[in-house]
Amino acid sequence: MDAGATTFETLSGQAQRLAAAPYAAPPTDLPPALAGLDYDGYRHIVFRPSESLPLGRHFSAQLFHRGFLQRKRVALYLQPRGGPARPIPYESRLFDFGGRLAGQSFPPDLGFAGFRLHYAFPEMPAWRPKGFQEEFLVFLGASYFRLRAAGQEYGLSARGLAIGTGAPEGEEFPDFIAHWLCEPEPEARSLTVLSLLDSPSIAGAYQFVITPGDPARIAVTAALYPRKPIPRLGLAPLTSMFLYGQNGPGARGAKPFDDFRPQVHDSDGLCVATAADRLWRPLVNGRRQPQISAFAAKPVAGFGLLQRERSFAAYLDVEARQEARPGLWVAPDPGAAFAEGAVQLYEIPSAEEYMDNIVAAFVPAAPVQPGAALRLAYGLTTVGAEPAEAIPQPALARVTETRFGSAERLRPTDPPNPERRLCVIDFEGPSLPKGADESVAVEVSASAGTLHEPVANFVPQTGGWRIYVEWRPPQPMPAGDIVLRARLARGTTPLSETWDAVV
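Per the numbering used here, the sequence shown starts with residue 0, numbered consecutively.
Do not rely on the hints blindly, as some may be mistaken.
List time: in silico EDC-like cross-link candidates among lysine to aspartate or glutamate, alpha-carbon distance up to 16 Å [to be verified]: (1) Lys-71 - Asp-108; (2) Lys-227 - Glu-170; (3) Lys-227 - Asp-276; (4) Lys-297 - Glu-351; (5) Lys-71 - Asp-174; (6) Lys-297 - Asp-276; (7) Lys-71 - Asp-28; (8) Lys-297 - Glu-339; (9) Lys-254 - Glu-351.
Computed Cβ-Cβ distance ranges for the label pairs, DEER-style [said to hold, decoys possible]: (10) Ser-91 - Lys-297: 45 to 55 Å; (11) Ser-310 - Pro-128: 50 to 60 Å; (12) Glu-388 - Thr-461: 20 to 30 Å; (13) Tyr-76 - Thr-461: 47 to 57 Å; (14) Gly-462 - Gly-81: 49 to 59 Å; (15) Pro-414 - Arg-42: 40 to 50 Å; (16) Pro-414 - Arg-374: 53 to 63 Å; (17) Ala-34 - Glu-388: 45 to 55 Å.
None of these hints come from the bench; they were simulated from the model.
All values reported here derive from a predicted model rather than from experimental measurement.
Yeah, the Cβ is synthetic: ideal placement off N, Cα and C, and Gly gets one too.
Using the sequences and the hints given, assemble the complete structure.
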């Protein structure tokens with residue numbers, strides 16, 4: 000790069016200077032025609048594919064217009080392989096406005112709301128034209144971005160940072176206020192994006208090295224400069240949607256959904272890996288209040304919100320294709336930022352499918368202080384069907400099903416006795432024994448109440464194993480969550496990850 004080029008190092012210096020100055024919010028002024036748009040009106044604004052910005056032979060970028068909820072102006076630059084960065088100018092001709100905005104034009108200082116990247120996947124359907132480039136990554140809104148692998152649908156989002164998620168004083172949403180699209184070598188199959196983040200509490204520089212494919216990967220490097228103390232800073236945050244799954248909403252006493260679809264979610268569980276264990280927490284909806292759960296990790300080997308249910312029959316949604324939604328796995332590089340703390344899961348009660356009500360992030364144990372720069376690096380990898388190479392400890396079998404029901408199957412009472420509940424957990428994985436004559440032990444525990452007669456059975460239909468265990472709730476029942484745990488083992492050697500569910 001030339002001396003005048005924008006690099007991660009020069010952007011880090013810019014972020015540090017930004018943090019030393021008073022915070023200034025991004026411009027949100029819009030012409031009335033754009034400010035008054037509703038959802039349908041905004042959807043009519045389409046970037047013209049013929050105006051796509053080429054980035055080497057295999058990538059291109061398309062831009063998002065401002066309007067409706069996307070009010071903030073985001074600066075976009077092209078960083079050539081040689082020389083200084085060039086601003087990408089706004090021009091109305093880049094867009095087909097359609098609808099009631101057809102034929103209108105807007106001033107050249109309007110700017111953009113974000114961008115999306117397209118890629119020429121080597122393996123494309125025969126009906127696609129040669130050289131066709133398919134969208135796979137979107138940066139739009141605050142510090143949100145969405146990534147998918149080849150053949151997947153968009154689902155959950157990643158974020159630059161999460162600040163105060165679940166705090167009584169409310170959450171702060173940092174913004175990516177500028178992006179630099181770095182021109183790759185002509186034949187490169189990876190692309191770099193530099194991004195500047197700002198908020199009332201912190202400023203930061205980000206470098207995203209993006210490699211599409213199956214899986215798709217992003218190597219994230221960041222330099223963060225706090226303006227003020229931040230008690231709860233969420234690093235590598237993921238945001239998703241969960242309405243109900245195999246066990247309904249999952250919360251005690253939650254009202255079931257009246258819907259023809261068996262399940263509705265973009266993610267169905269949180270997976271957390273340490274050096275010694277891997278844990279699976281099925282997601283829950285339907286509580287009366289939001290809930291924060293913390294999973295201490297010193298250090299954390301990785302975490303992710305995953306979509307393990309990958310069969311169409313589980314959703315029956317032809318349009319949403321939730322069986323094709325990706326999971327995202329966060330793999331922190333060793334370093335102080337992820338050395339001590341906990342993966343926190345924030346679950347918001349929701350009855351609306353378009354609302355992202357699930358957040359997972361790593362929260363350092365020590366509050367972040369102004370003047371103390373924070374450096375971090377981590378990888379993001381899309382996850383489809385498992386086992387997946389990105390997730391540590393592949394020998395451990397994974398939880399595939401979680402179901403609860405009455406334990407009175409032979410002599411049921413009417414109504415069922417609430418003091419006897421049966422937990423059924425299915426595991427699958429290549430390391431599990433493949434016959435019923437094998438000896439497999441069950442390890443179970445409960446934070447309240449008692450567990451009775453745990454047993455593990457081989458399931459020939461799946462080649463996996465199933466745990467049956469009866470849980471008898473405490474009397475009286477506490478107001479908060481009760482955590483049940485179970486895993487398969489042979490002797491002292493674990494065969495599966497730890498099932499960690501709330502009731």
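We went through each hint and held it up to the structure:
{"no.": "1", "hint": "Lys-71 - Asp-108", "in the structure": "holds (13 Å)"}
{"no.": "2", "hint": "Lys-227 - Glu-170", "in the structure": "holds (15 Å)"}
{"no.": "3", "hint": "Lys-227 - Asp-276", "in the structure": "violated (36 Å)"}
{"no.": "4", "hint": "Lys-297 - Glu-351", "in the structure": "violated (36 Å)"}
{"no.": "5", "hint": "Lys-71 - Asp-174", "in the structure": "holds (9 Å)"}
{"no.": "6", "hint": "Lys-297 - Asp-276", "in the structure": "holds (12 Å)"}
{"no.": "7", "hint": "Lys-71 - Asp-28", "in the structure": "holds (8 Å)"}
{"no.": "8", "hint": "Lys-297 - Glu-339", "in the structure": "holds (5 Å)"}
{"no.": "9", "hint": "Lys-254 - Glu-351", "in the structure": "holds (14 Å)"}
{"no.": "10", "hint": "Ser-91 - Lys-297: 45 to 55 Å", "in the structure": "holds (54 Å)"}
{"no.": "11", "hint": "Ser-310 - Pro-128: 50 to 60 Å", "in the structure": "violated (32 Å)"}
{"no.": "12", "hint": "Glu-388 - Thr-461: 20 to 30 Å", "in the structure": "holds (22 Å)"}
{"no.": "13", "hint": "Tyr-76 - Thr-461: 47 to 57 Å", "in the structure": "holds (52 Å)"}
{"no.": "14", "hint": "Gly-462 - Gly-81: 49 to 59 Å", "in the structure": "holds (56 Å)"}
{"no.": "15", "hint": "Pro-414 - Arg-42: 40 to 50 Å", "in the structure": "holds (48 Å)"}
{"no.": "16", "hint": "Pro-414 - Arg-374: 53 to 63 Å", "in the structure": "holds (57 Å)"}
{"no.": "17", "hint": "Ala-34 - Glu-388: 45 to 55 Å", "in the structure": "holds (47 Å)"}
Violated hints, in rising order: 3, 4, 11; the structure is consistent with all others.
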